[in-house]
Amino acid sequence: MDQTGAPGRVELSAAPDGTAMVRVSGAWTLPHFAAIERSMQPVKTALPAQARLDLDGLSALDTAGAGLLSVLLGPERLRAMLDALPDLAPERRALLETVGCAVHDIFAHPPPQPYALGFIGLLARIGSAVEAIWLQTRLLFGFVGLTLETLARNLLRPQRWRMAALVTQIEQTTLDALPIVSLLSFMVGAVIAFLGATVLKDYGASVFTVDLVSFAFLREFGVLLAAILLAGRTASAFTAQLGAMQAHEEIDAIRTLGLDPIEVLVLPRVLALMLGLPMLTFAAMLAGMLGGALVCVLAIGIPPAMFLSLFHADTPLRYFWVGMSKAPVLAFLIAIIGCLEGFKVTGSAESVGERTTSSVVQAIFVVILVDALAALFFMEMGW
Amino acid sequence: MSATPAAAVSAPGATPVIAVADLTTRFGTQTVHEHLDLDVPRGVILGVVGGSGTGKSVLLRTIIGLRRPDVGRIQLLGEDVYAASTAQRIAVERRIGVLFQDGALFSSMTVTENICVPLREHTALSARDARRLATLKIALAGLPQDARDKYPSELSGGMRKRAALARALALDPEILFLDEPTSGLDPITAAGFDRLLRTLRDALGLTVYMNTHDLDSIHAVCDRVAVLADRRVLVAADLATVERYDHPWVQDYFRGPRGRTAGAVYADAVQEA
Ligand SMILES: Nc1ncnc2c1ncn2[C@@H]1O[C@H](COP(=O)(O)OP(=O)(O)OP(=O)(O)O)[C@@H](O)[C@H]1O
Ligand SMILES: [Mg+2]
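First to last, the sequence lines map onto chains H and E.
If you're matching positions, the first sequence starts at 313 in my numbering and goes up one per residue.
If you're matching positions, the second sequence starts at 3 in my numbering and goes up one per residue.
Hints are computed from structural coordinates only; laboratory data are not their basis.
Keep in mind that the hints are not guaranteed to be accurate.
Cβ-to-Cβ under 7 Å is the rule here; a few derived chain E residues that face chain H [to be verified]: (1) Ala-86; (2) Ile-92; (3) Phe-102; (4) Gln-103; (5) His-124; (6) Thr-125; (7) Leu-127; (8) Ala-149; (9) Leu-157; (10) Ser-158; (11) Thr-201; (12) Val-237; (13) Asp-240; (14) Leu-241.
Even glycine gets a Cβ: it sits at the ideal position worked out from N, Cα and C.
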């Protein structure tokens, strides 16, 4: 049986009695798929209606080869031809018949025409993208409403508060983020102090570096840095957690157990962030000013006591409240976006990735947008 | 006329294609297998039965090289799975097909694309030929043709199983590992599945290692049954021998109400034939 290696082929020839013979030989197996198909081309066009099959030269056959043979001859004809071969090995007959049935099935259901490309397709994609943005915005507002409603309903019923979940979430989103938020703010504080010192030195006004650092961190950077970090770190975590649950039908299970997924999953996360972000903001303000103070002490030569007294004299307390007041709002938006994107996961691993990306991008965008609007508002109000 | 595959089938008992020797598996303090031995000759359809949680899935994962055993040796197609070089392991992996207990289809690809993955990776087929062959495998696995371009999350549980079977069969493997292939299938589809296994075994000399709870499947296709209990393979032999094996679990299993019904049905079928 050294023929097993020779690629399979098929030829037409005439039997002694004049009927056409389809002579199949060699190994009809997956490795020879392309070669077999090439040898099929001439036979396909010349195949007469009446022909006999000769499988004597066939050295090996697998499902791929059997599939090609049934495609070449057509499942019905193959069946008829096999019936005319009484001494075919039963296992070969079974394989050819099984595969023949499968091919018959495929022929009965031709594949649908693929989606049209070109100009119409382009317009269709633009249209669906615009619609998606509109739907997304509507969905976000709807979800905000739903969450607020659930919150209002549960606020008056302390027995429904999920303290364990809330505390776990605060630990994961706030406590665990504390080192990175502090470190980052410290470094940004130092950088701002350096910039200030360099620019202000020319005017002999280096001492105002203190004001620069404290204004910047109390009003803007403390909350902004903490919020952006949270948007990257926690919005993505929320989306991935809820997305994996959605993909495994866990959220449906929560519903069928008579629980409200918003109450069980979303509220603890939203509340945890609304409590956690102010704390992180406070830490970021402290760390940023510490970084600034360090640069002032080491590079400009303002002693620590003087830094403190300048800070005390120049910076009104309301700056702190201006910065702080933004924290719960941003936290609410970050948590809502993270959770909503999680609910939108549709079951594939790819969609978890897509939704996570989208949640981080949206969260950071919204944080910066809201912060900019708030800055304008506070400035106009003269606060 | 060649009869290579048939010859392989008619001579089981030659070198085993799967050989598990003195296997011990532990998770922390829990010992799942202890001194477990199992040989599977080529061309055999082996049904592995055992209570839920006795370690059937873990044993399967260990054999196919996904979980290094704590003690013991696994040989697959003559190759020591955990001592082989990467190239050797890949060569062995090409020759096996695996159906995981819950399908493990790639969720970001359609059914056809899932089946094309091994075809494209391990053969020189063009994308078009791979798709055509994938279509054939889908039909062979008994999946309706309109499921071709659906994503796994859009399929029913039983359809996912058949799609995963089609992927396992993509390369016409020498050994097929199946983890509960018929659970979640309706009885008619399950019977079709049994028939397909038998056809492929007879025609291609396929060896099948099948974890199962399905008594009908065991009666219909398994040449051998291995019973996993008390952390080892109690007995691995033909069904008649296993049924007579003196162990409370085995007796409950085959002599319980379900076991008796399935047995009686197949005894009748054999008499009619
Ligand atoms: N990754 C793991 N970590 C810890 N224990 C595990 C792990 N995987 C399996 N086990 C334990 O090993 C045992 C055997 O599990 P396995 O999944 O093999 O059962 P099974 O026989 O396939 O059951 P079933 O018939 O229900 O599928 C169980 O007790 C299970 O808890
Ligand atoms: Mg299992």
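A quick look at each hint next to the structure:
Proximity of Ala-86 of chain E to chain H is violated relative to the hint, the smallest CB-CB distance being about 23 Å (cut-off 7 Å). Interface restraint check for Ile-92 of chain E: the shortest CB-CB distance to chain H comes to about 16 Å, outside 7 Å, so the restraint is violated. The restraint placing Phe-102 of chain E at the interface with chain H is violated, with a minimum CB-CB distance near 15 Å, outside the 7 Å limit. Hint status for Gln-103 of chain E relative to chain H: violated, with the closest Cβ pair at about 15 Å, above 7 Å.
Using the Cβ-Cβ criterion of 7 Å, the hint placing His-124 of chain E at the interface with chain H is not satisfied: the shortest such distance is roughly 9 Å. At its closest, the beta carbon of Thr-125 of chain E sits 6 Å from a beta carbon of chain H; the interface hint therefore holds under the 7 Å criterion. For Leu-127 of chain E, the interface hint holds, since its Cβ comes within 7 Å of a Cβ in chain H; the closest pair sits about 6 Å apart. Restraint check, Ala-149 of chain E versus chain H: the minimum CB separation of about 10 Å is more than 7 Å; hint violated.
Because the smallest distance between the Cβ of Leu-157 of chain E and any Cβ of chain H comes to about 10 Å, over 7 Å, the interface hint for this residue is violated. A distance limit of 7 Å between C-beta atoms decides the matter here; for Ser-158 of chain E the minimum to chain H is near 13 Å, and the interface restraint is violated. With a cut of 7 Å, the hint placing Thr-201 of chain E at the interface with chain H holds, because the nearest CB-to-CB distance is about 4 Å. Taking 7 Å as the C-beta cut-off, the interface hint given for Val-237 of chain E is violated, the closest approach to chain H being about 29 Å.
A least Cβ separation of about 20 Å between Asp-240 of chain E and chain H goes past the 7 Å threshold, and the interface hint is therefore violated. Restraint check, Leu-241 of chain E versus chain H: the minimum CB separation of about 22 Å is more than 7 Å; hint violated.
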